[in-house]
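Just need the whole structure built from these sequences, with the hints factored in.
So the sequence lines, in the order shown, correspond to chains A and B.
Mapping to numbering that gives the first Met the number 0: the first sequence position 427 is 426, numbers consecutive.
Mapping to numbering that gives the first Met the number 0: the second sequence position 284 is 283, numbers consecutive.
It should be emphasised that the hints constitute simulated quantities derived from the structure, not laboratory data.
Hints may contain errors.
Stated by the list, open to error - No farther apart than 25 Å at their CA atoms in a straight line, the calculated lysine-lysine pairs in the DSS-like style are these:
(1) B/Lys7 / A/Lys152
(2) A/Lys188 / B/Lys182
(3) B/Lys204 / B/Lys192
(4) B/Lys194 / A/Lys194
This one's a predicted model, so the numbers in the text were calculated from it and none came from an experiment.
Number of protein chains: 2
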Amino acid sequence: MQSFELDKTDILKVKQALEGDDQELLSLLTEYHASEIAILFESIPLESQKKIINLLPIELASEIISEMSHEAHPEELLIDLEPDKRQEIVEELDYDDATDIISQMHEDDQHEILGDLDKEDAVNIRNLMTYAEDTAGGLMNTEVIKVDADMSKKQAIDQIILQSEEIEEFYTIYVVDHDDILKGIVSLKDIIKAKANAKVSDIVKSDFVFVKASTDQEEVADLISQYNLTSIPVVDSNMKLLGRVTFDDVIDVMEEENTEDILKFSGVSEDEELSGNWIEAVKSRLPWLILNLGTAFLASSVIRYFEPTVTKIVVLAGYMTIIAGMGGNAATQALAVTVRRITLSDLTDNQAYKTVVKELTVGLINGAVNGLIVFLFAYFYDDNLLLGLVIFIAMTGNLLIAGITGAGIPLILKRVGIDPAVASSIIITTFTDVFGFLLLLGLASKLLL
Amino acid sequence: MQSFELDKTDILKVKQALEGDDQELLSLLTEYHASEIAILFESIPLESQKKIINLLPIELASEIISEMSHEAHPEELLIDLEPDKRQEIVEELDYDDATDIISQMHEDDQHEILGDLDKEDAVNIRNLMTYAEDTAGGLMNTEVIKVDADMSKKQAIDQIILQSEEIEEFYTIYVVDHDDILKGIVSLKDIIKAKANAKVSDIVKSDFVFVKASTDQEEVADLISQYNLTSIPVVDSNMKLLGRVTFDDVIDVMEEENTEDILKFSGVSEDEELSGNWIEAVKSRLPWLILNLGTAFLASSVIRYFEPTVTKIVVLAGYMTIIAGMGGNAATQALAVTVRRITLSDLTDNQAYKTVVKELTVGLINGAVNGLIVFLFAYFYDDNLLLGLVIFIAMTGNLLIAGITGAGIPLILKRVGIDPAVASSIIITTFTDVFGFLLLLGLASKLLL
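Here it is in structure tokens:
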């Protein structure tokens, strides 16, 4: 298969086929991978999605639903299906995917769907629903390949082949005792390579990384990334094996966390759906804007205080916005580098100190260079040397403060246990506005009046 | 092993051990995983790193070096080692890791190191160095497990066991013909489960995803993520198998791309190293700030144009900064959501149109709410109804424009093939500054004078 990107032609073809004969639609759809049809679903109405799901074999239909992004609302599609079809699809889903989708429904719908299921499936899904969505428990799948430590090589291989009927992909085999207590891990390769008379306990690797069900998903992602793991076992406090989280779940988590980081950084609530409607967007953003309005009044009160100065030297009104704006941008630069660095690894006290000193230096230099340009403009265009000097000092001072706060505030927040991303550019910009106005107008009223 | 986070105690223990007896240091280090020692290296000087590398067995030493982040400069450590030690370590490295590290060196050092190597290794590394760093060729490892399509089950298993001596981890087995042309993939599980008399060609999966060596790393990451692959084969234009890219490389790529996204979004050059020194930071950020200074002069020229108005109604100076600032923040919000959405998937024309309409609506509502608050302030505090009305209109208009440009500009840039992230908040903020000043001061000079 060619590496594939869904384009307009594909969407058009499917839309046309939806109008026509079922057999033609079916044969067109078989050209696509489940994950491609899932993407295609984002561009067609619910009715058409339903038609396609009803047409396809259960296995493919459930794969498509499991591949649909959270934002495409697979739960709405599922609720809309005939109860029989729905039951078959849910029973075909992996428990973790079924749990994710059912968790998004209203309680009544949840009861209805779980009531229709086979008892064992319903218990497993209800059980998974008790874990918070953003923890290892919320991410894990309970279906794992496991063998007993005292099995022989042959018994182990037979067990693996038997269990692999149910589990499509497996990367690591878990070794447990009779009470399901996790003793170690082993790879299929190691079993194959073992001597014919070897026992599992001879080749088990008992030095392995694991997580608790309550471990935060970000930590799970860090461990999988740090140790290059295809999967990580999830255990309870007695080391009983509960399930596993696989690398593909972690790739999804990373995308999600990165979206949240960019949103928080820009003063948008982290749970705003990118493709949500305007009502959600207003709910997510208006509180931040109103908070910012409060801080903007603070900055403008500095200007009000110096109104007599501005009235006398009205040219300050133009420079004011340049100095505040440049401070905000320099602070955003320092903030982005520092927040991203904290996200990727913790800084020692010494590294934190060096970071602030570095940003202070950068602010001083960038401030002086930009200050010089504005000085020259004031000197030659406005023909006012003293005004030029005041502006030079204000620019340099404001960019210096921008560097210190851009690096220092997220570092302090991290130290006191607050998410450094709340120091979003909105907050830090207010700081440089206030300081920029204070420095420019304060100096001007002392030196130029 | 407990899930692990390196803390100050660990760093302190190692630092103390570095002062003491080699045997004690060695026994302390064996408590850590290679990737943990690699992180630890970020907090200790080059001399201490060198001491540890010289002390440890070659295999572990090379693993640590391969796990060191790009920013910790493993190439500097390698250059600093004795030639014999260095050669042993490089020969132990995977070709892709060796290539990445050697590429970072000066040409003289590259020649020296490659000259010392076994001829085959040197040829392989030189070959990999010809691929651009951010392509599948630059990411791939040339060591893969491959079997011939016409092998029997037993021959294939023997081959896999033989080849797996050299390759620590393998997730997919590649099926090739006698000319190394890739015919399909097969998993170890499928081979084990096959009948005793089966041939590889009976169980090969000939429907698979692959990439060219020149494919951009972001596309490689998208494919691995979309199809939940542990690895993806890299081929030339004749389908000859060149190597494979594994999911762990892609996790690193994703982290790197996300760092670049946040930096670009904040007006920082995407290649600024997060832990780089102040000289690099100034080089990376000063051009953006100077560009912004130019656009800030543009915004301030609007204020200069309306200077007579500001002189007469000096209270406008305070409101001016509120309206421009709020516009900038609202635009940043719309920009963040839109840029992130474009990053995750392409939008159809219809989706793009709907996005702009949504952001326009959000801007209108958020503008009206904030405009109302400022209106009330102007009416009650400044006791000026008409001023309040002017400010209300300016706030609503500016946030409306903020929504349209915050969503529209990145969408247009994407359509014409420019990276939408260059519409960084710096650029878009200038737009709302100019428009905000124009609207407020223009209206004020018509209605209030």
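| query | Among the hints numbered above, which are violated by the structure, and what are their numbers in rising order? | reply | 1
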